[in-house]
Structure formats: structure tokens, C-alpha cells
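Input sequences plus hints: build the corresponding full structure.
Protein chains in written order, with this note's numbering: chain G, 115 to 528; chain F, 115 to 528.
To be clear, the hints were calculated from the coordinates, so they are not data collected in a lab.
Be aware that one or more of the hints could be misleading.
In this list, chains with the same sequence are indistinguishable; a pair is considered to hold if it fits within one copy or across any two.
[What the hints assert, rightly or not] Here are the simulated lysine to aspartate or glutamate pairs, EDC-like style, with alpha carbons at most 16 Å apart:
#1 Lys308 - Asp296
#2 Lys469 - Glu439
#3 Lys305 - Glu327
#4 Lys353 - Asp435
#5 Lys469 - Glu131
Protein chains: 2
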Amino acid sequence: MSLMQEIGIRARRASRELALLPTEKKNEALSAMASALVDSSHRIETENAKDVASARADDMDAAFIDRLILNKKRIKEMADAILQIVSLPDPVGEIYDETTRPNGLKVAKMRVPIGVLGIIYESRPNVTADAAALCLKSGNAVILRGGSEAFHSNAIIANILSESLAKVFVTPDAVQFVKTPDRSAVMEMLKMNKYIDVIIPRGGYGLIKMVSENSSIPVVKHDAGVCHVYIDEGADAGKAADITINSKVQRPGVCNAAETLLVHSNWLKHLPGLLKTLWQMGVELRGCERTRAVYPAAKPATEDDWYAEYMELILAVKVVDTMDEAVEHIEKYGSHHTEAIVTPSKERGWEFVRKVDSSAVMVNASTRFNDGGQLGLGAEMGISTQKLHCRGPMGLKELTTYKYFVIGSGQVRG
Amino acid sequence: MSLMQEIGIRARRASRELALLPTEKKNEALSAMASALVDSSHRIETENAKDVASARADDMDAAFIDRLILNKKRIKEMADAILQIVSLPDPVGEIYDETTRPNGLKVAKMRVPIGVLGIIYESRPNVTADAAALCLKSGNAVILRGGSEAFHSNAIIANILSESLAKVFVTPDAVQFVKTPDRSAVMEMLKMNKYIDVIIPRGGYGLIKMVSENSSIPVVKHDAGVCHVYIDEGADAGKAADITINSKVQRPGVCNAAETLLVHSNWLKHLPGLLKTLWQMGVELRGCERTRAVYPAAKPATEDDWYAEYMELILAVKVVDTMDEAVEHIEKYGSHHTEAIVTPSKERGWEFVRKVDSSAVMVNASTRFNDGGQLGLGAEMGISTQKLHCRGPMGLKELTTYKYFVIGSGQVRG
Numbered sequence: 115m116s117l118m119q120e121i122g123i124r125a126r127r128a129s130r131e132l133a134l135l136p137t138e139k140k141n142e143a144l145s146a147m148a149s150a151l152v153d154s155s156h157r158i159e160t161e162n163a164k165d166v167a168s169a170r171a172d173d174m175d176a177a178f179i180d181r182l183i184l185n186k187k188r189i190k191e192m193a194d195a196i197l198q199i200v201s202l203p204d205p206v207g208e209i210y211d212e213t214t215r216p217n218g219l220k221v222a223k224m225r226v227p228i229g230v231l232g233i234i235y236e237s238r239p240n241v242t243a244d245a246a247a248l249c250l251k252s253g254n255a256v257i258l259r260g261g262s263e264a265f266h267s268n269a270i271i272a273n274i275l276s277e278s279l280a281k282v283f284v285t286p287d288a289v290q291f292v293k294t295p296d297r298s299a300v301m302e303m304l305k306m307n308k309y310i311d312v313i314i315p316r317g318g319y320g321l322i323k324m325v326s327e328n329s330s331i332p333v334v335k336h337d338a339g340v341c342h343v344y345i346d347e348g349a350d351a352g353k354a355a356d357i358t359i360n361s362k363v364q365r366p367g368v369c370n371a372a373e374t375l376l377v378h379s380n381w382l383k384h385l386p387g388l389l390k391t392l393w394q395m396g397v398e399l400r401g402c403e404r405t406r407a408v409y410p411a412a413k414p415a416t417e418d419d420w421y422a423e424y425m426e427l428i429l430a431v432k433v434v435d436t437m438d439e440a441v442e443h444i445e446k447y448g449s450h451h452t453e454a455i456v457t458p459s460k461e462r463g464w465e466f467v468r469k470v471d472s473s474a475v476m477v478n479a480s481t482r483f484n485d486g487g488q489l490g491l492g493a494e495m496g497i498s499t500q501k502l503h504c505r506g507p508m509g510l511k512e513l514t515t516y517k518y519f520v521i522g523s524g525q526v527r528g
Numbered sequence: 115m116s117l118m119q120e121i122g123i124r125a126r127r128a129s130r131e132l133a134l135l136p137t138e139k140k141n142e143a144l145s146a147m148a149s150a151l152v153d154s155s156h157r158i159e160t161e162n163a164k165d166v167a168s169a170r171a172d173d174m175d176a177a178f179i180d181r182l183i184l185n186k187k188r189i190k191e192m193a194d195a196i197l198q199i200v201s202l203p204d205p206v207g208e209i210y211d212e213t214t215r216p217n218g219l220k221v222a223k224m225r226v227p228i229g230v231l232g233i234i235y236e237s238r239p240n241v242t243a244d245a246a247a248l249c250l251k252s253g254n255a256v257i258l259r260g261g262s263e264a265f266h267s268n269a270i271i272a273n274i275l276s277e278s279l280a281k282v283f284v285t286p287d288a289v290q291f292v293k294t295p296d297r298s299a300v301m302e303m304l305k306m307n308k309y310i311d312v313i314i315p316r317g318g319y320g321l322i323k324m325v326s327e328n329s330s331i332p333v334v335k336h337d338a339g340v341c342h343v344y345i346d347e348g349a350d351a352g353k354a355a356d357i358t359i360n361s362k363v364q365r366p367g368v369c370n371a372a373e374t375l376l377v378h379s380n381w382l383k384h385l386p387g388l389l390k391t392l393w394q395m396g397v398e399l400r401g402c403e404r405t406r407a408v409y410p411a412a413k414p415a416t417e418d419d420w421y422a423e424y425m426e427l428i429l430a431v432k433v434v435d436t437m438d439e440a441v442e443h444i445e446k447y448g449s450h451h452t453e454a455i456v457t458p459s460k461e462r463g464w465e466f467v468r469k470v471d472s473s474a475v476m477v478n479a480s481t482r483f484n485d486g487g488q489l490g491l492g493a494e495m496g497i498s499t500q501k502l503h504c505r506g507p508m509g510l511k512e513l514t515t516y517k518y519f520v521i522g523s524g525q526v527r528g
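Structure representation (C-alpha cells):
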């Protein structure tokens with residue numbers, strides 16, 4: 115039996131224990147996890163220093179190293195994020211869709227954990243703690259496979275979390291970390307249908323693609339965000355500017371930031387002012403010909419720009435003659451993540467909501483609101499860009515499934 | 115561009131039209147589909163005769179040929195099944211989970227079609243009509259790929275349905291049938307992430323495995339049903355017999371039929387009588403040692419028997435000392451499809467529901483009730499055995515997804 119299979123068997127067994135844990139016990143375990151992180155700050159910092167040293171030796175850039183560094187403050191923030199999950203309602207055990215059939219059978223659904231989640235990530239080490247806490251609260255066992263760049267940090271965090279579970283008499287196998295460094299472990303993980311119910315990749319394009327193409331286990335993708343702001347005719351110039359600026363500038367490196375601005379041709383007179391403001395805020399502008407006719411300082415946009423998820427202060431700008439042209443553009447070039455319309459018309463807002471096929475459609479609000487915390491789900495595992503299972507933020511409820519249960523008094527089928 | 119890509123592009127375009135179709139228009143289209151099938155009975159029978167002739171030439175057995183044959187009565191039944199879907203509520207457009215955030219944003223979900231479904235099947239030709247009707251009502255475009263054994267029948271049915279859509283001014287691309295006979299078309303289909311949102315395989319173990327292993331598109335599996343009936347201590351002998359017999363005998367060739375009977379050792383005195391009745395009904399019995407001690411006529415069960423989905427009149431029988439032993443057996447050998455308990459105790463029934471991890475758990479009712487019609491969903495695409503997206507019957511609602519929509523008045527993130 116391979117090491118990965120052993121991990122799988124332990125996780126499956128742990129998942130059965132977790133599925134039946136009362137909310138209070140899960141919250142006690144989460145509190146223990148949070149305390150253990152703070153109490154073990156020194157151990158974490160020591161291990162983290164190894165990752166930081168490797169990153170420096172590999173000449174990684176300053177932003178990369180900054181994301182990697184764990185200090186007492188960041189460890190406290192990780193612990194606080196876990197405590198926040200304590201305060202969220204437990205989705206497990208909810209009974210809904212109750213009906214009674216003509217033959218007297220009582221039919222209902224019960225919300226239950228999915229079972230075993232495999233999380234493959236290449237992000238900051240805090241994902242280790244966040245993911246473990248979300249899985250525990252939703253009653254799932256988790257197998258974590260972090261990126262090599264944060265190997266020591268991820269391993270020590272997972273180790274501390276697992277130890278802290280044992281102290282409150284919850285199986286430490288609820289949180290397991292894959293320590294084998296080679297890629298073959300990931301490939302094996304992606305085929306462990308018997309032990310893993312869902313794979314969640316978190317990371318860049320390459321990781322998502324590798325996982326989708328190789329997994330025989332169902333995958334929930336958290337993919338690219340090529341998000342659009344569409345300014346409709348008649349839009350208030352101030353609101354349009356606020357929403358565009360917030361969507362692009364407030365945090366350009368995240369998936370719900372805007373990449374392309376679409377502007378109705380009847381709004382053109384306001385466009386130069388908006389683009390100038392954006393430029394003053396450090397945004398590089400790449401426009402279609404009609405954009406450049408009113409704002410020549412914009413660089414010409416190429417076909418590639420319409421597909422781009424810049425993740426930085428660059429904005430593509432295109433003028434359209436109708437809402438349908440905007441919708442067509444979004445359908446062709448977008449990633450079905452988040453789009454916003456700025457419009458004075460309720461009807462036009464509604465039309466946009468119906469016609470745009472994205473995980474979240476904003477009317478007169480920033481694209482940046484497509485986020486678990488902002489939409490009221492609490493913490494999230496990411497933003498799903500696929501249509502199966504969950505779309506948009508994946509919070510605690512989205513980490514569950516259901517089973518039907520049927521209460522009879524001896525009914526049989528005729 | 116390949117033929118499959120062309121089909122994909124047409125389906126994607128059709129899906130956008132279908133997503134916005136009002137319920138009345140979809141119902142009009144379904145009625146047109148039903149009428150067209152009846153009106154074209156002769157054309158269908160002529161094409162069906164070719165499949166039946168091939169099956170005879172290939173020396174297929176009588177049951178196989180019987181499933182394949184389409185006559186006026188069966189065509190009428192296909193049409194009636196479509197008309198039943200007319201009467202089901204349209205899931206699309208439902209607005210739910212509405213909340214208002216502290217910043218005044220109104221957040222809600224809107225139920226929307228998934229988009230384009232790819233259905234790969236090797237079943238009776240009526241699946242062509244059923245699947246097309248369910249997809250149309252739920253606003254999805256469908257790409258159908260049927261088995262070669264019913265190629266002519268499937269092709270003519272799909273063709274008639276598609277023509278009938280055009281007559282009521284709905285895009286005929288809503289229902290497309292893949293006519294290329296070679297397997298490479300299926301392999302190409304499984305990689306068309308850009309055009310297909312979900313793949314639904316319907317068929318035997320080999321098909322499901324091939325699809326899961328090769329698809330880079332999310333799959334909803336309708337897999338094996340290794341279903342159990344567990345007779346708890348104190349169970350009423352009459353109810354236990356009724357439920358066991360119905361679960362095994364009423365229709366043994368379907369996924370929600372029982373394959374294994376688990377019996378609490380305190381119920382042993384009733385077991386010989388039950389097994390004798392089953393035997394009289396033609397059921398072959400394969401028992402554990404303790405079963406054979408009280409009913410020596412049973413053949414000895416092997417390890418393989420516990421895993422078997424017989425699909426015929428064979429029942430494996432095992433004696434257990436506790437409910438937990440039954441639950442362990444189900445976890446180890448079952449397929450998470452359907453299990454039933456017969457018990458006089460509400461508490462014990464509830465415990466079984468909580469501990470068993472299956473798409474449906476029946477208390478004092480036959481396993482045969484895990485069915486879209488029986489559970490109140492109306493028609494179904496199949497019974498999902500996976501945990502992502504939907505579990506148990508996949509009806510109209512399960513053929514949809516949602517999008518978030520957010521109505522603001524200029525809100526941005528701070």
C-alpha cells in the first residue's frame with residue numbers, strides 16, 4: 115500500500131467520525147486549533163524561515179517573499195480567521211425540502227458533509243489553516259497538498275492543527291498534509307476516487323489545468339476572473355467612476371477585480387474624464403479605436419487584451435453601441451466570473467442580470483463584492499467558476515451535500 | 115474546425131436562446147415534440163427495424179432485442195412521457211436566498227440552466243426523447259451520443275425532435291445528435307470544456323468508467339446500485355418480508371433493487387421463513403455461514419458476492435450482531451446508492467439514517483422508492499451516486515445551476 119493510499123484510508127475513516135460530531139465539539143476543536151497556532155508561533159516562524167531562505171536563494175521577487183513570510187502578527191491573523199469560523203452556523207444536519215407523498219412516505223433531505231476533500235494549492239501558507247478550519251466545521255476530512263515554495267510552513271501548520279485536534283479527542287486524521295515532495299503524489303491523489311470525494315485546486319492557470327485534465331475525481335474549479343464593468347447609457351458619471359475605479363484599483367491582484375471596461379457609445383462624453391482619473395491612479399489603459407478617438411493616450415488594445423486577466427493595474431477599454439454588444443463581448447472573452455453594470459434603469463439592470471452568464475452579476479455595485487464575506491457566506495474556500503455544485507463563493511454550505519431520507523411504515527412499490 | 119466543434123458552437127449558441135425562453139414557449143415546444151413523435155411513428159419504426167435486424171444478425175438475446183424494439187405503443191409512451199414534463203413546474207428563474215447586506219446591497223440567487231449538457235448513453239432509444247425533453251424544459255441545450263446498438267432509432271428520434279422545434283420557432287440546435295459512429299467523437303466530446311458544461315453518462319460500468327477517466331468536463335455519474343436491506347432486531351416479520359421482497363423481486367434489473375440482505379442476529383428465528391418465501395419467488399440465495407446454519411439451502415456467499423450488483427434474482431444474505439456492523443458492511447461493500455432499514459424503533463431508524471452515507475436512506479420502506487417519480491421530482495435523468503451537485507434522482511431542478519445577483523446603488527468596497 116502506498117503512502118497516499120494510507121492517507122486516503124485514514125481520511126475516509128476520519129470523515130465518518132467528523133460527520134457525526136456535534137457542533138459544540140467541532141467549535142471546541144476549532145478553538146484548540148486557533149490557540150495552538152498562537153502558542154506555536156515560534157515553531158512556525160522557524161520553519162517558515164527555511165521557506166523564505168529558499169525563496170531568497172532562488173531570487174524570488176520581493177512581493178513573492180512578502181506573501182510567504184509568517185510573523186507573529188500574521189499567525190495571530192490566521193488564528194483569528196479560524197475563530198471567525200467558530201461563529202458561523204454549522205450547515206450539517208439541516209433538514210429541508212420536506213414533503214409527504216400520497217402513499218404516506220415522508221421524504222426530506224438532510225445536509226451532510228461531502229466526506230473527504232483534497233485541496234491542492236500553491237498560495238500563501240494561511241490557506242493551510244483556512245482550508246483545514248472550513249473543512250472541519252463542515253464535517254469533512256481534508257488532505258492538503260501545498261506548493262513546494264511554502265513546504266516547511268505548510269507542513270508545520272498542518273502538524274500543529276492535527277496535534278491540537280488530538281488534544282480535544284478529535285481524530286488527528288481530520289487534517290492530513292501530503293509531505294512527499296514529488297509530483298507523482300499529486301497524480302496518485304487525483305486518481306483516488308475511492309478515498310477522495312472532491313478535489314479543489316487553488317492556484318494559477320497551470321495548476322487548475324493540470325488538475326482538471328488529470329483528475330478522475332470531481333473537481334470544483336476556482337478559475338480565472340476576467341471580469342467586466344459595463345457602463346450603460348445614461349449612467350451617473352460619479353457612480354460609474356466609483357464602481358469602475360473600485361473594481362479595478364482597490365485590489366487589482368485578485369480574481370474579482372475588473373479587467374475590461376465596456377462603455378455604451380451614448381456615454382462617451384464622460385469617458386475621457388474617467389480614463390484620466392484612472393491613469394492618474396496608475397492604471398495603464400488599452401483601448402479600442404473608438405476609445406482612442408476620445409482618449410488618444412490609451413495604447414491600442416489587441417485581441418489578446420480582451421482575454422487577459424491582468425491581475426495588475428492595466429484596464430482594457432471598449433466602446434459598444436448596445437447592451438447586447440456588451441453581453442456578446444462578455445460571452446466571448448469573459449470567464450463567467452463577475453460582471454457589473456452601471457445603469458440608471460431598473461429594467462436595464464434586470465435585463466443584464468438575465469442575459470449575462472456569470473457566477474455573480476452586479477447592478478450598480480463593484481465587481482469586488484463577489485466574495486464569501488461580502489455576500490454573507492462568511493469565510494470561503496474560493497470562488498467557483500464552474501456551474502456544477504456551486505457557483506461563486508464556496509462557503510461552509512457549499513462544502514456539504516445532502517442525502518434523501520424517507521420515513522415509511524412498511525410501504526412497497528406496486 | 116471539426117464536426118464536433120461545430121456541434122459544440124451550435125449548442126452553446128442555442129443554450130443562450132433557451133435560457134431566456136418563457137415557460138409557455140418551452141411547453142409549446144415539448145408538445146410539438148410529442149406530437150411529432152406520434153405523427154412520425156412510421157418513420158421511427160422503419161429506422162428501428164434496421165437496428166433490430168443488426169441485433170438479430172449479431173445473435174443478441176431476446177431480452178436485448180425486446181428492449182430495442184419500438185412499436186406504435188412504445189412511441190406513444192415516449193410521447194406521453196414528454197407531455198408529463200410539460201406539466202412539471204419550470205425551475206428556471208426562481209429567485210431564492212434573498213438577503214440585504216449591512217451596506218444595503220440586495221443579494222439573491224437566480225436559478226438558471228446549466229447551459230450545454232452532453233449525454234452519452236447506451237440504453238433504450240426512449241432515452242433520446244426523455245433526455246431531450248428534460249433538457250429543453252430546464253432550458254439546456256443537449257448533445258446526445260447514443261449507443262451503436264440503437265443508432266438508427268436514436269438518430270431518427272433526435273431528428274424528428276429537432277425538426278419539430280424549428281416548426282414552433284425554437285432553435286433546432288437545442289437537440290443535437292452525434293452521428294459519427296467512431297469512438298474518437300466521444301473522446302473529442304469529453305474534452306470540449308469550452309462548449310459543454312456537464313457530461314452525463316448513462317449506461318454500464320465500462321461506459322461510466324471510460325467517461326470519468328477521460329472527461330475534462332465535470333461529470334454527473336449514475337453509477338452502480340449495490341443496495342442493502344437491513345432488518346433490525348425486533349422488526350415486524352411481515353413488514354420485513356414485504357420490504358425485502360419488494361426491494362429484491364419487484365424489478366431486479368434496476369439500480370435501486372436490493373442486492374444484499376443484512377439481518378440482526380436477534381431476528382434469526384424469522385429468517386428461514388423469509389428466505390424460503392424468496393426462494394419460492396425464484397430468488398437464488400447466497401448466505402454467510404450463520405445464514406447457512408439456519409437455512410442450509412443457501413449457497414455459500416464469497417467475498418465477491420458482497421460487492422455484486424446482480425441485476426437479477428440473486429440475493430446475498432449476511433447475519434450481523436449490531437447495527438454498526440451492518441453500517442460497516444454497507445460502507446465497505448456498498449455503492450452509496452440506497453439502503454433500507456426495517457425497525458420498530460424511531461430512534462434506531464434515525465441512527466441508521468445518520469450513519470449510512472448513501473444518496474437515499476429508507477426507514478421501513480422499499481429501496482425501490484429512490485426514484486424521481488416516487489420522491490416527487492417528476493421525471494429524472496437518472497440517480498446520481500456522486501456527492502457533488504446532486505445526489506439521488508436528477509430531475510429538472512438538478513439540471514439547473516444558479517447565479518448570484520446583487521442590486522446596489524453605487525456601493526464599492528472599502
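Sort out which numbered hints this structure fails and list those numbers smallest first. Structure breaks hints 1 and 4.
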